[in-house]
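Chains A and B, in that order, are what the protein sequence lines are.
Position 50 of the first sequence, counted from 1, bears residue number 53 in the numbering used here, the numbering being contiguous throughout.
Position 58 of the second sequence, counted from 1, bears residue number 66 in the numbering used here, the numbering being contiguous throughout.
It cannot be assumed that every hint is accurate.
[What the hints assert, rightly or not] The calculated DSS-like cross-link candidates involving lysine-lysine, where the alpha carbons are at most 30 Å apart (straight line), are:
id, chain 1, residue 1, chain 2, residue 2
1, A, K213, A, K164
2, A, K170, B, K167
3, B, K96, B, K167
4, B, K63, B, K96
5, A, K170, A, K213
6, B, K96, A, K164
7, A, K213, B, K63
Calculated from the structure, these hints are not laboratory results.
Every value quoted in this text rests on a predicted model; they were computed, and no experiment measured them.
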Amino acid sequence: MIDEERQADAAEYVLGTLDPQAAEALEAAARDDRELAREIYRWQDRLLPLFNRVAPASPRPETWARVRDTISRPLPSAPWWQSLRLWQGLVAATLVVAVGLGVQLARIPEASDTRFVAMLQTPEQNIGWVVELSDANTVRLRPVGALPALPAGRAWQFWTKPMGASKPTSLGLVPANGVIEVPRDALPALENQQLFEVTLEPENGSPTGKPTGPILAVGRMVALADY
Amino acid sequence: MEYDYESALIACARGEAYALESLYARESRWLLGVCRRILRDTALAEDALQDAFLKVWQRAHTYDRNLGSARGWIYTVVRHSALDLVRKGGREIAQEDPHALLDDPGHRDDERHGNAIDIDRCLEGLDDSRRESILLAFLDGYSHEQVATALATPLGTVKSWIRRGLLMLRDCLS
Chain A
4 MIDEERQADA AEYVLGTLDP QAAEALEAAA RDDRELAREI YRWQDRLLPL FNRVAPASPR
64 PETWARVRDT ISRPLPSAPW WQSLRLWQGL VAATLVVAVG LGVQLARIPE ASDTRFVAML
124 QTPEQNIGWV VELSDANTVR LRPVGALPAL PAGRAWQFWT KPMGASKPTS LGLVPANGVI
184 EVPRDALPAL ENQQLFEVTL EPENGSPTGK PTGPILAVGR MVALADY
Chain B
9 MEYDYESALI ACARGEAYAL ESLYARESRW LLGVCRRILR DTALAEDALQ DAFLKVWQRA
69 HTYDRNLGSA RGWIYTVVRH SALDLVRKGG REIAQEDPHA LLDDPGHRDD ERHGNAIDID
129 RCLEGLDDSR RESILLAFLD GYSHEQVATA LATPLGTVKS WIRRGLLMLR DCLS
């Protein structure tokens with residue numbers, strides 16, 4: 004339970020009457036304080052019905068066109084590793100990046116001449132995970148660089164969603180060292196463009212069988228033909 | 009079937025542009041209304057809306073569905089974008105009659121039930137001064153100083169009206 008003053012701060016943050024420094028400090032505090040974050044969300048929802056009092060207005064078509072154009076290309080000012088679109092779109096870039104980060108692409112002995120790799124990244128976090136085949140029958144998730152802090156009472160959960168699947172499949176909770184190995188047979192598929200992600204969930208995993216928490220890292224599988 | 013704002017926002021976090029487009033198709037008229045009310049200028053309001061949808065896209069991964077609704081989260085992002093813009097521009101305080109706000113009939117008929125009726129009732133339970141201060145800050149985006157000017161009341165008094173008023177709203181709604 005957070006105290007009354009803190010609750011009033013959360014309310015004023017949502018209302019927009021905190022001065023900029025106080026608002027920034029509260030936002031930062033809410034990243035580590037789940038009860039404070041919950042109180043902010045509560046105020047968002049408490050005040051939401053007041054928007055019914057505002058008259059609507061139709062935006063010009065150009066407004067959406069500008070949004071669409073901006074999100075469908077990587078921002079030139081953003082460092083290349085922070086662009087989610089890039090990860091999703093550019094097979095060649097992914098290969099270069101993988102080599103740049105010193106990723107050892109898994110060799111699949113005899114059975115197949117296809118290699119798979121997925122780089123999991125978020126736009127704002129400078130860490131990531133790699134999904135790769137550690138041998139022909141095992142898919143491994145492992146971190147690149149430092150792991151993010153895991154809040155108390157929470158867990159990382161590893162998911163995959165093949166193209167066209169209706170929902171993600173859980174591949175299990177990720178141990179504290181950030182590495183998990185999953186038998187290839189446990190995956191619904193293993194194919195090009197397949198989505199992998201790590202979400203932050205309650206300690207025992209998502210209660211619904213679907214991702215419920217924030218996405219920490221996400222990326223698509225790239226199938227690389229042998230050369 | 010009801011539109012699933014939570015799934016749409018989470019799909020944005022995965023980089024699925026169609027999800028942002030569906031949110032925009034559904035909410036942009038209402039959100040532009042919110043921005044225009046704060047900015048009092050349609051062109052600036054469209055700038056704020058555009059900026060806000062980019063923020064929704066970039067920050068979608070920080071949304072946590074265990075904590076509250078996606079709609080509440082989105083409206084906060086949009087409203088804060090409009091507030092950033094209006095405070096940067098140092099808008100003149102409109103010297104209008106704040107009492108006009110109290111008779112605003114409401115526009116979104118499909119949602120004139122449940123929560124909306126609760127908050128209307130709880131606002132009615134507040135003193136006029138507290139209710140007006142909160143509505144000027146929320147709907148018109150006024151700062152403490154602007155509310156104080158509009159209501160010709162000392163700043164400290166306005167700050168206390170808003171803070172106490174919000175906590176009374178919380179007690180009434182819970």
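*Straight-line Cα separation of B:K96 and A:K164 no greater than 30 Å?*
violated, 43 Å
*Is A:K170 within 30 Å of B:K167, Cα to Cα?*
Violated, at roughly 48 Å.
*Compare the distance between the alpha carbons of A:K170 and A:K213 with 30 Å, and conclude whether the hinted pair is satisfied.*
Within the cut-off at roughly 7 Å; holds.
*Assess, step by step, whether the Cα of B:K63 is no farther than 30 Å from the Cα of B:K96, and give holds or violated.*
holds, 18 Å
*Straight-line Cα separation of B:K96 and B:K167 no greater than 30 Å?*
holds, 22 Å
*Could you grab the alpha-carbon distance between A:K213 and B:K63 and see if it respects the 30 Å cut-off?*
holds, 25 Å
_Please verify whether A:K213 and A:K164 have alpha carbons no more than 30 Å apart._
With Cα atoms ~11 Å apart, A:K213 and A:K164 stay inside 30 Å; holds.
Hint compliance for this structure: hints 2, 6 are broken, all remaining hints hold.
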